[in-house]
Amino acid sequence: MKLMVIDGNSMLNRAFYGVRLMNNHEGLFTNAVYGFVATMLKLQGEHAPDRIVVCFDVREKTFRHKEYEAYKGTRKGMPDELAQQLPLIREVLDAMGIPRMEKPGFEADDLLGTLSRQANERGDTCMLVTGDKDSLQLIGGGTTVLLAVTRRGQTTTTEYTTEVFREQYGFDPIHMIDLKALMGDTSDNIPGVPGIGEKTAMGLIQKFGTVQAVYDNIDDPFIKKGQRTRLLEGRESAEQSLHLVTIVRDVPLETNVADLPPMQMDEEALYNLFTRLEFKNFITRLNLHAPEAVQQAAPEKSITCVAAESGEQLLAAIEGKDRIVLTAPQSLSALCVLVDDTAYLLSADQVGTQAWHALLEQLFSGAYPLIVHDGKPYLTALLEEGIEAADFAFDTALGAYLLNPTENGYGLEKTALGYLSRELPPASDYEADDAFSPLGGAETAGQTLCAHAAAVAQLEEIIRPKIDEEGMHELYYDIELPLEIVLASMQHDGFQADADALRTFGETLTTRIDELTTQIYEQAGREFNINSTKTLGTILFDELGLPVIKKTKNGYSTNIDVLEALQGYHPIVGMVIEYRQLTKLRSTYVDGLLKVIADDGRIHSTFQQMVTATGRLSSVNPNLQNIPVRQELGSELRHMFAAKDGCVLVDADYSQIELRVLAHIADDKTMIDAFHSGMDIHAVTASQVFHVPLDEVTPSMRRSSKAVNFGIVYGISAFSLANDIGVSVKQAGEYIDNYLAVYHGVRDYMERIKQQAKEDGYVCSMFGRRRYLPELKSKNFNIRSFGERAALNTPIQGTAADIIKIAMVRVYRRLKKEQLRSRLILQVHDELILETPEDEIEIAAKLLKEEMEAACALAAPLRADAAWGRDWYAAKG
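Mind the numbering: the sequence shown is residues 1 to 877 in full-length UniProt numbering, read in order.
In short, the hints are calculated from the structure, not lab data.
The reader is advised that the hints may include incorrect statements.
[Claimed, not checked] No farther apart than 27 Å at their CA atoms in a straight line, the calculated lysine-lysine pairs in the DSSO-like style are these:
hint, residue 1, residue 2
1, K414, K280
2, K876, K849
3, K644, K817
4, K758, K777
5, K199, K225
6, K2, K133
7, K846, K876
8, K876, K595
9, K466, K754
10, K414, K42
11, K550, K730
12, K72, K61
13, K199, K224
14, K644, K876
15, K133, K72
16, K754, K777
17, K706, K817
18, K133, K61
19, K133, K103
20, K42, K66
21, K706, K754
22, K466, K534
23, K61, K42
24, K817, K846
25, K534, K550
26, K849, K706
27, K72, K280
28, K816, K876
29, K133, K207
30, K584, K550
31, K644, K595
32, K876, K466
33, K133, K730
34, K61, K103
35, K72, K754
36, K72, K42
37, K466, K414
38, K224, K207
39, K584, K551
40, K61, K466
In this text the structure is predicted, and so the values were computed from the model without any measurement.
Let the sequences and hints guide you as you build the complete structure.
Right, here's the structure in full:
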């Protein structure tokens, strides 16, 4: 039999610190459970044990504490976030059919030692899984140790056999206790011999074998005079440490190895538990299914699926209804509408016909209150048909996003699992091109559409009232819901890109990259792979002798911070920096953009509404929000984005919107007055912080004040500010202190919002957008500091994001109302871009500025500046 014994506490700690904090809808922390389960499944898959046991420490003192009062005295208590997850871990193990053991008075190590001895005596092999090197003493006789080591958040494992241990340490595994007895163990507060470190202890055990042998040969010339003195003075400590580090191998256990049952998973219990914890991927990975009783009650209310004979019949069935649920493939190749208890299904036959177009036009006209889940793909498909739809009555995906904005995705199957504890059949049943053909499984596709409609109906019943309960009515109905059609329209219209100019630009980059490559080879004295970090490190630090700034586990670091620190040491450094910039420009932007230019010559980026915790929009395929602007060559990319013939681009962006929001939320009179004065806010800040007249503010002072102005919103530290502006940490701290003394409203706000966030567990934007911050409860300083920074900047960023969304809806609606041909085609952070016919330039620029500035009334009024040009660079600069 192959037995695996796992040190539960060791692996649980690695799981907790290796996976970012996660919580489910109940607010339960789940990251340690998630990481632990992932590790268990990985171990089972890679090593296929016949039996598994997980051993835990008991939260009470052991015999070692009684013998040495300071044992583990330096350890901090278990973080609350982890302690809360221990009962869940036990539930998971029970459901997986994996025995767990603990024994008062002993540690998990002692249980590992006892179980491995029992297994070996039976002739069984045993693998111990732990992160504690103490267990290496147990290797041998059929026992190996799989040692987990975590560095920089990444955990790797090494299997130690007797041979591997001997090769690394130079003595047998049992003498690990002698090594630890001499060198001590700070993690367990075992003293060892003061002044004897690991290197010295290793040499002594390699030479003499045991602690006793070291003292028997204390006068041996191998032992240096100073070492001898320390060993003699620390003999009692060494002997006590030897006893403390020796693992007990005869703990009286209630269950012995011979009695261990085979692993028998309780699929129903595990399904219910993973559903509660929202571990959908584990449900899928283990092929778990809802119990029969749950499956039969899936819709919870009986619905009848009816095949509609025509679009007219479908429309007649929903006429006058105030609650209509719609599900459909994203291509709208079929329709399922649920009213009351009846789902009407219409598919395939009429797709592409004039009658089908007329049906879609009528159904999405706004005459029917449609409830959907993630409606933007429908709106995009409609625009492909030449149909501009009205807003939906409700979108359950958007609602789920607002209620929990840090969730990883809001697909219907995931959302139903979280809210309804129900596993839905997959959308792939009806998304395939041939899903509704007789050969494609039309019956299955139809049944799945109906099941999804029933789930959307139930989700709406839960989510709609929660939106109001949490004070997000305006945010949802006035901002997020009407924004869907705006984003769909932008996605459909796209942004014209000049493919020929991009290719020419790429050739220019290639020429310069080739020149740099030759120059770098000359400086290095040989050819090498410039893209290899390891090889570059060898060139810079071993061959050219540059000072080592930073090392990683794989060798020398050559990241941008390191290279910038080395700029003055050798010409090759600047060349490498430029080489990296240009190769990234070419691969990411030139080559990348050429791949996504559609047949119409335009780039149709996908705008994502439900991704960021702060409410900011993002775009993918490609990410147009990441087009570089500061590099001279990077900004040339903006020349490649141009208006179509007969049009220009009208571009407007908010001036210092986050600072204006900060001034308003903090009610800081000094900052508000500075904005009302119309003067340069950074110069005004510099004048007040450095106590000089406004006309004596130097560029350096303004630059420092600008960094503080923008950094303060993100809880910038003196250390970070010092790095940003090139001053000492002490000077940076003085700048921050002076800033907060001037803007005491901001200072008071920062303290107030952090305290409020700790009490409430979340922060809000001005419009009620919530972000929950479980990190604030953490005892880990870094995690808690992240939570505090998020508490400071989320209300600011979130409000700014809400404002730009309001502006987008206002601009879109006014363009429609005034029947202008100008189109809103792009949003990038605080910037909006219109593609405008030349005869509408003045009116479009005026409209854009007015609607952006009217989006929200702030004490420090919004200001937007509009400009235009033939291409993005000409319009924006």
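Inset, instruction - Compare the structure with the hints numbered earlier in the document and write down the numbers of the violated ones, lowest to highest. - result: 17, 20, 22, 23, 27, 32, 33, 35, 36 and 40
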